[in-house]
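Take the given structure of chain A and dock chain B to it, following the hints.
Those sequence lines, one after another, are chains A and B. For what it's worth, the numbering used here labels the leading residue of the first sequence as 126, then goes sequentially. For what it's worth, the numbering used here labels the leading residue of the second sequence as 126, then goes sequentially.
These aren't lab readings, by the way, just hints derived from the structure by calculation. Among the hints, a few may not be true.
[What the hints assert, rightly or not] Just a few of them, taken from the derived set where beta-carbon distance is under 7 Å, the chain B residues facing chain A:
| id | residue |
| --- | --- |
| 1 | 139 |
| 2 | 178 |
| 3 | 316 |
| 4 | 414 |
| 5 | 498 |
[To be verified] Straight-line Cα separation of at most 25 Å, PhoX-like style, residue types lysine-lysine; simulated pairs:
| id | chain 1 | residue 1 | chain 2 | residue 2 |
| --- | --- | --- | --- | --- |
| 6 | B | 352 | A | 455 |
| 7 | B | 460 | A | 352 |
| 8 | B | 352 | A | 352 |
| 9 | B | 352 | A | 440 |
| 10 | A | 438 | B | 352 |
| 11 | A | 150 | B | 460 |
| 12 | B | 194 | A | 244 |
| 13 | B | 352 | A | 131 |
| 14 | B | 427 | A | 352 |
| 15 | A | 443 | B | 156 |
| 16 | A | 137 | B | 156 |
| 17 | B | 443 | A | 352 |
| 18 | A | 150 | B | 488 |
| 19 | B | 150 | A | 385 |
| 20 | B | 156 | A | 156 |
| 21 | A | 150 | B | 131 |
| 22 | B | 137 | A | 131 |
| 23 | B | 438 | A | 352 |
| 24 | A | 194 | B | 462 |
| 25 | B | 131 | A | 352 |
| 26 | A | 246 | A | 194 |
Small disclaimer: the values here were computed from a predicted structure and weren't measured. Note that CB positions come from ideal geometry on N, CA and C, so glycine has one too.
2 protein chains.
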Amino acid sequence: MIPFNKPYLTGKEAHYMYDAVHTGKLSGNGKYTGLCHEFLKKKYGFGKCLLTTSCTDALEMAALLLDIKAGDEVIMPSYTFVSTANAFVLRGAHLVFVDSREDHPGMDEDKIEELITEKTKAIVPVHYAGVACDIDKIMTLATKYNLYVVEDAAQAIESFYTGKDGVKRALGSIGHLAAFSFHETKNIISGEGGMLAINDPQFMERAEILWEKGTNRSAFFRGEVDKYGWVDVGSSFLPSEIIAAFLWAQLENLQGIQEKRLEHWNQYYEGLNDWGAGKILDLPHIPEFATNNAHMFYLVCKEADQRDRIIEKLKEHKVHAVFHYLSLHKSPFYKDKHGDRTLEHADDYSECLLRLPLFYELKGEGIDRIINILKDAEL
Amino acid sequence: MIPFNKPYLTGKEAHYMYDAVHTGKLSGNGKYTGLCHEFLKKKYGFGKCLLTTSCTDALEMAALLLDIKAGDEVIMPSYTFVSTANAFVLRGAHLVFVDSREDHPGMDEDKIEELITEKTKAIVPVHYAGVACDIDKIMTLATKYNLYVVEDAAQAIESFYTGKDGVKRALGSIGHLAAFSFHETKNIISGEGGMLAINDPQFMERAEILWEKGTNRSAFFRGEVDKYGWVDVGSSFLPSEIIAAFLWAQLENLQGIQEKRLEHWNQYYEGLNDWGAGKILDLPHIPEFATNNAHMFYLVCKEADQRDRIIEKLKEHKVHAVFHYLSLHKSPFYKDKHGDRTLEHADDYSECLLRLPLFYELKGEGIDRIINILKDAEL
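For reference, chain A alone in the conformation it holds in the complex:
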């Protein structure tokens, strides 16, 4: 049996968790939270980092920081996880969904401008499969129309974008705010977990307050105010030190984890390129401006039936492959609010995209087996 995913432990997670206990602190914002913040900020050039209990919570913090209110419009892809949407719906926003690119499930950067109105407050690009959107295009629109950009970088750790200026920048370091996930299905994990990156300095102080339940507790412990209290809305966005200690063990092994995942990804690509590559079905496309963080290896089938046949065939051979999102503009919750704009590519990916197993402990023989099952199948 080859599962779709298996969470990987480096071996030091429990050790760090016990160390956290010995410092006398298991609640949030302790030693390991600090280590993770410092590491991520320095490595990827974020303005400021705050760990959260999930990427969902990081997106909710972003919506609060942008003061999203009833009637505001937020532009995002339809082909994304519900949390991208819910975080803004919870603040009262109206969502304006953009179609996916033809060559990639990420949103079509050229279809954004026509959707901007006077009510538009933010654009939320999703770096699908950890592959960059053409973020320069989006930032240019944001500047032109005075909008904020929140990168949904849930899948995009250790992934980069090279703009027209030739500078290679980490995803999540470019938008005003960015949200990352450390869910067990991601490259770097803490079971459930996430992080908000804050790049626009105007949000840094308030982000810390929202994170600490609407109190100025952090400023108090730095000696900047002489008592702390309730100064703003907020929530308990910060994760336990148990989670941060776990995450720290993962981050220490980031390079090894990435090397292994890239090896698996390349084995899939090389093994399937001659066979698939637009004839039988499509393989992932990595634009020139993007790097590949090997978060996901997916196939884009020619039609829904073909995908069903592949899932079935793999299942017969005890391999678990899974599809991904269903277009949010057609969801029971939002279809009546979306109107009648069709989003053809988003629907295609909903029906035709299939994800193959990809995790650290997957063996080369396993990948070969999967490649051969696909090649032998009648599709």
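Frame of chain A; chain B shown alone:
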């Protein structure tokens, strides 16, 4: 040095965490989440349980379930943690703060009715120090005015209330909804963590949907629907299995933990009763309808200066004692919204309540030392 708190590990936390990894699941709603749900529901007679990443998140779920909207009024004590308040402010509620009882920091049940208006939607009693409010009085008001009751039972695990009918019921099993905390400062911990108890059946199905990010994923995995999608608002309220595994180790040892804490509490009480007890200062009051879960041992000083002197004296002897909440109606965030009603007892507790160290590994000698420091001090 005697700290105010030290998180206690039973020794099996890491073992269960590794077991969770071996089941292939570290994200939420796995084996250990299920074990915790079942145990808590059965032991305390809750209608349904859902672990959350914090008590704050459980309160936010409650506010969503009650469909709290802009203009709704919610009645709660002023002497409470900011999360009791923020959860409802995030949905647009106006907070109506009630004073504390003279003999206890919990809210004065007899001062609620006069604050009920046509806009009132819910009452949120806080079982301060794990000691029950007179919850029958509050439930009677709720029935009379058609309101919901959300018990803030953050501190109230393994604590009970005996109503006029003579039936002893667990706190958190009485209101329509109830929120618990497993923050490291509580009796049973998971670093950060919480739980929503759902007692009113009308909320059970939707609670599960909100918990699963607004999807009907749980119903899908039970085979009740043939695909799942976005059907409602929601968030990532569920904690990692790492946290649930940790919590399970604690729950297995609940009895031992409670016995030890009660032993400590009783040692404080017996040691200080003759000395304090209304003369120099006040000791905790446990009403006849309530049990004591030994969550907290506090002193109520005669004045703020006396409290400062005690804190200072204990600090000289390397003992860390801390005060607690600041009245929310006087907070920078809410003072202008509260109006000019004075809440005398809430302010008294803000200025005069002092919490002494109380944790599993505290030694009897340590408590004796603290008692002697207090008795020797000039107050």
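Hint consistency between residue 131 of chain B and residue 352 of chain A [alpha-carbon to alpha-carbon, up to 25 Å]:
Given that 25 Å is the threshold and the Cα spacing comes to 23 Å, the pair holds.
Can the restraint linking residue 352 of chain B and residue 352 of chain A be considered satisfied, given a maximum Cα separation of 25 Å?
Roughly 52 Å between the alpha carbons, so the hint for residue 352 of chain B and residue 352 of chain A is violated.
Holds or violated: residue 194 of chain B with residue 244 of chain A, Cα cutoff 25 Å?
Given that 25 Å is the threshold and the Cα spacing comes to 22 Å, the pair holds.
Tell me if the straight-line CA distance from residue 427 of chain B to residue 352 of chain A falls inside 25 Å.
holds (22 Å)
Hint residue 316 of chain B vs chain A: min CB-CB distance below 7 Å?
Holds: closest Cβ of chain A sits about 3 Å from residue 316 of chain B, inside 7 Å.
Run the distance test for residue 150 of chain A versus residue 131 of chain B: straight-line Cα separation, threshold 25 Å.
holds (7 Å)
Residue 443 of chain B paired with residue 352 of chain A [C-alpha distance capped at 25 Å]
Roughly 22 Å separates the two Cα atoms, so the pair holds.
Does residue 443 of chain A pair with residue 156 of chain B here, judged by a C-alpha cut-off of 25 Å?
holds (23 Å)
Measure nothing beyond the straight line between the CA atoms of residue 460 of chain B and residue 352 of chain A; if it is 25 Å or shorter, mark the hint as holding.
holds (16 Å)
25 Å Cα cutoff - pair residue 352 of chain B, residue 455 of chain A:
Holds, at about 13 Å.
Is residue 150 of chain A close enough to residue 488 of chain B, meaning Cα to Cα at most 25 Å?
Answer holds: residue 150 of chain A to residue 488 of chain B is near 19 Å, not above 25 Å.
Checking one constraint from the list: CA of residue 137 of chain A to CA of residue 156 of chain B, max 25 Å. Satisfied?
Roughly 23 Å between the alpha carbons, so the hint for residue 137 of chain A and residue 156 of chain B holds.
Checked against the numbered hints above, the structure breaks hints 4, 5, 8, 11, 20 and satisfies the rest.
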